[in-house]
Amino acid sequence: MVKKRIQRAKNSAVYREIKEAFFIIIGVLCAGMGLKGFLLPNDFLDGGVIGISLLLQLKTGIDLAILVVVVNIPFIWMGFRQVSWTFALKTAAGIGLLALCLAFIPYPMVTTDKLLIAVFGGFFLGAGIGLAMRGGGVLDGTEVLAIYISRRSFLSVGDVIMVINLLIFGSAAIFINVETALYAMLTYLSASKTVDFIIHGIEEYIAVMIVSDRHEEVRQLITEELARGVTVLKGEKGFGKRGMRENDINILYAVVTRLEITRLKDKISEVDEKAFLIEHSIADVKGGMIKHRPLH
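Counted from 1, the sequence shown has number 445 at position 221 by my numbering; the numbering is strictly sequential.
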């Protein structure tokens, strides 16, 4: 029995590694399409470390494949120090593959329309970065730098990323022109939204806490009608609309997707219109009776 469990664990680990490698490879190909098919031939920029590499390429003429590797070396080291050696290894592999992709794969130039370049160049680049992140690495070291700086200053990760990109776009406006900087902002917006979609998906997970005097009926509708798991937390009522109440109560905790939340609230209202609901977004979940995303 123990040997079977060990074998299953090994098979699961091998499957996970293969899946992560697949995500990184597809991510590299997508990012290469965004760069060589859209941004690079039209002298467009992006935010983050990729944006820095593109800006340096425009000003120095050095091959982008070389700059992507050189500029990312400090961030690979930071990833090793701040996250883990496996993260740094996967990041180095992804960046190395991206450099090879840029150097040897002859992507066609898709369009010269500036709006299409910004939107779809950002889309392919964001898809590549997001898929690489799903594979356990990154193609853009901005987040790693942001974590490093945030741990040593009062700035949050989001603040650091914003400052970095403001510096990149400001430099583009000064050293190239304002129009290029504005299109770079649009490209970055397209890429960042695509990354969010790849990482979180359209079906974002929502955690719901339900306080109801008819908690047993609510629990049954969640488990039986919606086929979702629910955790029962033991609680005690405090002060509410009807004053102080000290009796015990069961609090229900469930996780559904954003597409399911409206149906859940409608069903709860049918059972108890006075039920108190608290909902908040969560990044991801594992296990349990939830609707899993297709690529997880």
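There's no promise every hint is true.
[To be verified] Estimated spans, in silico, between C-beta atoms of each pair:
{"#": "1", "residue 1": "A431", "residue 2": "T336", "range": "26 to 36 Å"}
{"#": "2", "residue 1": "V456", "residue 2": "I398", "range": "38 to 48 Å"}
{"#": "3", "residue 1": "T336", "residue 2": "I423", "range": "40 to 50 Å"}
{"#": "4", "residue 1": "F246", "residue 2": "W301", "range": "53 to 63 Å"}
{"#": "5", "residue 1": "P298", "residue 2": "I423", "range": "21 to 31 Å"}
{"#": "6", "residue 1": "L457", "residue 2": "V495", "range": "36 to 46 Å"}
{"#": "7", "residue 1": "G320", "residue 2": "K461", "range": "33 to 43 Å"}
{"#": "8", "residue 1": "E440", "residue 2": "L340", "range": "54 to 64 Å"}
{"#": "9", "residue 1": "L445", "residue 2": "L340", "range": "44 to 54 Å"}
{"#": "10", "residue 1": "F378", "residue 2": "V294", "range": "37 to 47 Å"}
Note that these hints are calculated values from the structure, not bench results. Using N, Cα and C, we set each Cβ at its ideal position, and we do this for glycine too.
Hints, verified against the model:
{"no.": "1", "hint": "A431 - T336: 26 to 36 Å", "in the structure": "violated, 46 Å"}
{"no.": "2", "hint": "V456 - I398: 38 to 48 Å", "in the structure": "violated, 60 Å"}
{"no.": "3", "hint": "T336 - I423: 40 to 50 Å", "in the structure": "violated, 31 Å"}
{"no.": "4", "hint": "F246 - W301: 53 to 63 Å", "in the structure": "violated, 26 Å"}
{"no.": "5", "hint": "P298 - I423: 21 to 31 Å", "in the structure": "holds, 24 Å"}
{"no.": "6", "hint": "L457 - V495: 36 to 46 Å", "in the structure": "violated, 18 Å"}
{"no.": "7", "hint": "G320 - K461: 33 to 43 Å", "in the structure": "violated, 59 Å"}
{"no.": "8", "hint": "E440 - L340: 54 to 64 Å", "in the structure": "holds, 56 Å"}
{"no.": "9", "hint": "L445 - L340: 44 to 54 Å", "in the structure": "holds, 48 Å"}
{"no.": "10", "hint": "F378 - V294: 37 to 47 Å", "in the structure": "violated, 31 Å"}
Of the numbered hints listed earlier, those contradicted by the structure are 1, 2, 3, 4, 6, 7 and 10.
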